[in-house]
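**Student:** Relying on the hints, combine the two individually framed chains into one complex.
If you read the sequences in order, they're chains C and V.
Numbering of the first sequence is given in my numbering, commencing with residue 1 and proceeding in unit increments.
Numbering of the second sequence is given in my numbering, commencing with residue 1 and proceeding in unit increments.
FYI, nobody ran anything at the bench for these hints, they're computed from the structure.
Positions of the beta carbon are idealized from the N, C-alpha and C atoms, including for glycine.
Do not take every clue at face value.
Said to hold, decoys possible - Computed footprint of chain C on chain V, listed as stretches where at least three residues anywhere in the stretch have a Cβ under 8 Å from a Cβ of chain C:
id: 1; segment: 112-120
id: 2; segment: 124-137
id: 3; segment: 197-205
As the list claims (entries may be wrong) - Per label pair, the in silico range of CB-to-CB distance:
id: 4; chain 1: V; residue 1: D286; chain 2: C; residue 2: G87; range: 53 to 61 Å
id: 5; chain 1: V; residue 1: G238; chain 2: C; residue 2: V246; range: 32 to 40 Å
id: 6; chain 1: C; residue 1: G87; chain 2: V; residue 2: E234; range: 32 to 40 Å
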Amino acid sequence: MSADTPTSTTATPVGARGSGEAPALLVRRASLLGGAATDLLLEGGRVARAAPGGSLEAPAGARVVEAEGLVALPGLVDLHTHLREPGREDAETVLTGSRAAALGGFTAVHAMANTDPVADTAGVVEQVWRLGREVGLVDVRPVGAVTVGLAGERLAELGAMASSAARVRVFSDDGRCVADPVLMRRALEHVRSVDGVVAQHAQDPRLTEGAQMHEGVVSSVLGLRGWPAVAEEAVIARDVLLADHVGSRLHVCHVSTAGSVEIVRWAKARGVDVTAEVTPHHLLLTDELVRGYDPVYKVNPPLRTRADVEALREAVADGTVDVVATDHAPHPMEDKDCEWAAAAMGMTGLETALSVVQEALVETGLLGWADVARVLSSSPARIGRVADHGRPLAEGEPAHLVLVDPSARRPVEPERHATQGRNSPFRGLELPGRVVATVLRGRPVVLDGALVGDGAA
Amino acid sequence: MRHLLSAADLDREGALALLDVAEEMAATQAREIKKLPTLRGRTVVNLFFEDSTRTRISFEAAAKRLSADVITFSAKGSSVSKGESLKDTALTLQAMGADAVVLRHSASGAAHRLAHAGWSGVGVLNAGDGTHEHPTQALLDAFTLRRRLREHSGAGPGGALDGVRVAVVGDVLHSRVARSNVLLLRTLGADVVLVAPPTLLPVGVDAWPCRTSWDLDAVLPEVDAVMVLRVQRERMGGGGFFPSAQEYTRRFGLDGRRLRLLPEHALVMHPGPMNRGLEISAEAADSPRSTIVEQVSNGVAVRMATLYLLLAGEDAA
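Looking at chain V on its own, in the form it has when it is part of the complex (with noise of 0.2 Å):
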């Protein structure tokens, strides 16, 4: 793997090398001693120009306990409209020698120059370019998904998520989280439906590999895991795309009532960070199907699967 900037760069027997990697760095974060030799010696830049406390912490987390130097590098306020920034930074970072570069960048596609612009050969990983797509996201998504519902299966260990039907709600315009977990989710068998508002559904949306609804009651009952997306309160009143938080709660957040309407073995899952009260009630963030912490955990452990497919190379997969 040379990069990865897209969940659809994964084809699927990739995806479930990725993820059974994933299982047995898992494992090895159950021991008393977390930290691997595997990168020693290698440098992980995590280049980070948007503010992203949880991701940054998951990713640093990640490269140390393979043993990697990591250097990260916060710009944020390097905003956009000086975008050789991006440029420069990346010659400099080649420069100092870094073997993979994890960007956050706000524009979109700045992952896919950083990769293809030819300012570098440093090897990229996408931890979230503007509105586009945050692969590593929908990893540990994919990952947690196939660790419950085998629990509640009761099948073996692998395997992929053919038939699992999934519910993406909330606010898939501008959700890279969305854009992500509905490609890999696909690569990997499982029936995604979109909940949203019109207003918060890209035109072009009926070409994507899922279905769409308005209708959260009627999906909810169907559907193995409900994955609710952050909604900014920005967006909403004057922001123009609903009329008002308390509109939006009562037609798409997931509360108790909504909540009794899943399957009894249906999951809860939310990316972080959550508007309680909001896309989300406490009752269904706190409750026993909630996978909301475990996602934190399993991003640890996908983000260094990552690390070590994108660093140690196809022959140490």
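So here's chain C without its partners, still in its complex pose (with noise of 0.2 Å):
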């Protein structure tokens, strides 16, 4: 059996919900963490069993996964994710994000607040919620707003988000920053009540007046308005201060200068209780891209230089930052076909970062897969309280997995990807990794790349 072709040997149909528990599943020979290959016996949404790898025997009426060559990990959690429902439909929604995500390896995603209406009260995350349970392809955790209608101007219900069904614990305007200070030193006394985190959009608001491109060589001869990097500095360097005076937990949205990093690692040597993500596009990407005016390059925060790409890898390795989550932002096509200034900003990512990742940090020796579940699975998991996920692949735990070929190669393609946005930035790079299954709960979501049953649908 080749390692790109696995097969399930039932005929049982599975679908992406259904009713009841999922049927056995024995993954075979997975290598777990990209180490000893490794059989997984899941059964009742648990790890029954995990042995070496040929030692464990199909139960009656098991489907099997022959994962030799494949890499076992955690089922992906996303700190960051723009699902667009309720009020941009058009750009997406819960069940196209929900795909998007299944596909890219995702068992949770958290759905960020800046939606329409915004996520600032008890129904509205109570809804996304409900819908992504309705999908049922990844566990959508709502993001709630940390200002109502995210104006920054007087705190939304934070405990009625938390105590709803929807369980709130990550709270964040993002898209915008909480730059008034005593409103954000507020944000954080508050979420210490709930064992919430504060995820701030770290952007003077000031300093970034009208800004399109990061500031510096390119931006001078593009005569794009310039984004400092100082702008997100300052932000992050006061947030810091504010989150050890009053005992709080902190979380920084993608920092993309290599001088973020230098102040999260002071901060956290000083012993602040903070923790910090990186994208994607901002551990491969740089402004040289804006140099052709394509506003698929157009991003918020934006791309930065080859250095600040470098910091942040090494910031990845040394665990300065701690994860990396992907601020997927799908657009309709209009919103990015056009002039630079009138452009959207955002970019597509749930079906490329563990590629990019790979890229980016696993093969050029930086992370190993165990450090990639880290990052891109138990700790966001743990900052953003999913109790069920980020969980090892042991006896016991919860059975969200993906399993992922790392020896295949193949350019990305955003027309045949699951979200409705085509603004990937990645569109045409040759990225190593592909997505072979997702489990869920013990129920696969994707096999052979694609989405199983009616997710598909």
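**Tutor:** Written out as structure tokens, the structure is:
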């Protein structure tokens, strides 16, 4: 059996959601975190047995996935996804975003609050959570807004969102910065009582009025208004000091500069309870790409320089940056097919994240697969307080896993993506790795690199 | 020449060839009958998303004197926020059979998008895009420099600008004229020094092929030409880039005293429209060394040459 064609050996149709328990699933000879070949028997939504490769027999009626040559990781957890629903169903829906997530190897995603209406009440977060449950391809964890309407003026009802059915633990005005230092302080204080975290979009609004791209050599030549690194770094510096002062948990979204890394490193050394994420695109792409004025490269925070990319990679390797989060931001074609200044900011990322991580961090020798599991699964699950995700693939643990073929290489073709967005900045790049299977609660939602059953409908 | 989007699109040979064609065009403009049949039957669309009477009229005159059909489309008010209108306008123009589009737009890179986004196959001439570039302005400036300094040095026609020293003074940060001039003048061998307050020089300017200075008085005695950029009053005072217009004039305005710091042969240039009394005094603007009016007429010749090379193709050059 070749590595890239795992086959199911029973004819039992398996729906993506279905009711009741999934039939048992035997994953045979998967390389656990890139290590020894291991058989994993998944039953009742849990890992029932984990044993040396080839040692387990499939119980009657069990589906078997031959996974020789495939790396098994715990299901990926995205701390930063824009599912756009409600309000911008022309860009993405919970259904299409869930499909993209599952195909990318994710079993849980955090849906950002900048929807329309904004996810700033228990009602909206419960709606998003419920939509996610109905789709059933990944666990959708709504993020609650920090301030009402993301307006940065008064706090949203964080407690109500935390105690809602959606059990919100991550609060963010992402897309906008909680710029007011008093409001930020209050938000940090409030989230302590619900074991939550404020995920800050660090961008000083005054320093970035009308900003179009990273401020540096390329912006000077292109005549595009610059977005100075200091606009990000100054807010992070303020926030880590605030978090330290009030003893709260702070998460920094999408750090993009070498200076941000230094500040986070300093804060961690000082004992501040801060975590940080980096996006796949900031690990691979630079502002040089803007020279053609193609808005597919327009993103917030902007693509930075090669030196920043190198610093970010090192920061993931040494643990200063805790997680890789996609900031998946689909946009309809017309919002990108225009002149630069008129275009929307954002890039898709769910279906390419693992490949980019492999390209930027694994193939460069900076991370092993166990580290990949840390930055794409266990750390984001811990930060988001997603209790049953990001767990080790061990007996008794929840059966969320992804099987990836690290030897595959393929060009990125956004037209073939499940997300509605075609705005992938990786278009045409040949990237390593292919998600072969994604398993949520013991039920395969992706097999042979395609959605299973009615998930694909 | 398929498009002209940036002064960087021209190598030395190409720039010199264009300037030579412009000389020929200028010669025809001295005749009583100024019109040439060269572009008869071709359609040039002037697409102006931003008000600029001077540039629009200059391009119109250039196209008409080459006998092209000219359609002028002033879409002022079509804001950048309705970005798709650029694409739709491009499709419309393509459908109407435009052979070339002269584009003026407030968004940097708009001409680049029009040329390369796959919306249409029409040749694009950048007539100013945001704070990016304005290549024909740089060409007409180089044309003017070449003519006037040749008179000074007594050299023959043609030739580049090797060793010519040019100061560009003013709001470099927001100036498409400065960006195009730095590139083209460097291509032609000139040494450029940008003179501006630190707030009006972009971060990243250190990588440009030129020098920078904050001291106009120190620069003026060493240059063959000083190019004064337009400074918008809105950027002074409340605009935050400079404390006040008066302070700007004191430190960076080209007045009578500074005029006398220049070498005797040095030229005073300005792309227009001028803010007399702000970046340039009447004495400087109207002095015999001023080329400001000449730049306007040279603009027509240079734009004729550009349209000719764009539409009549390589073989015509």
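**Student:** Indicate whether the distance between the beta carbons of D286 (chain V) and G87 (chain C) respects the range 53 to 61 Å.
**Tutor:** 60 Å, holds
**Student:** Mind taking a look at whether chain C covers the segment 112-120 of chain V? Criterion is 3 or more residues with CB to CB distance under 8 Å.
**Tutor:** holds (count 4)
**Student:** Just to be sure I understand the hint, the distance between the Cβ atoms of G238 (chain V) and V246 (chain C) should be within 32 to 40 Å; is that true here?
**Tutor:** 37 Å, holds
**Student:** Taking 8 Å as the Cβ threshold, is the statement that the segment 124-137 of chain V is covered by chain C upheld or broken by the three-residue rule?
**Tutor:** holds (count 5)
**Student:** For the segment 197-205 of chain V, do at least 3 residues have a Cβ located nearer than 8 Å to some Cβ of chain C?
**Tutor:** With 4 residues closer than 8 Å to chain C, the segment 197-205 of chain V meets the three-residue bar; holds.
**Student:** Could one say that the CB atoms of G87 (chain C) and E234 (chain V) fall in the range 32 to 40 Å?
**Tutor:** Holds - the Cβ-Cβ distance for G87 (chain C) and E234 (chain V), about 36 Å, lies within 32 to 40 Å.
Checked against the numbered hints given earlier, the structure satisfies every one of them.
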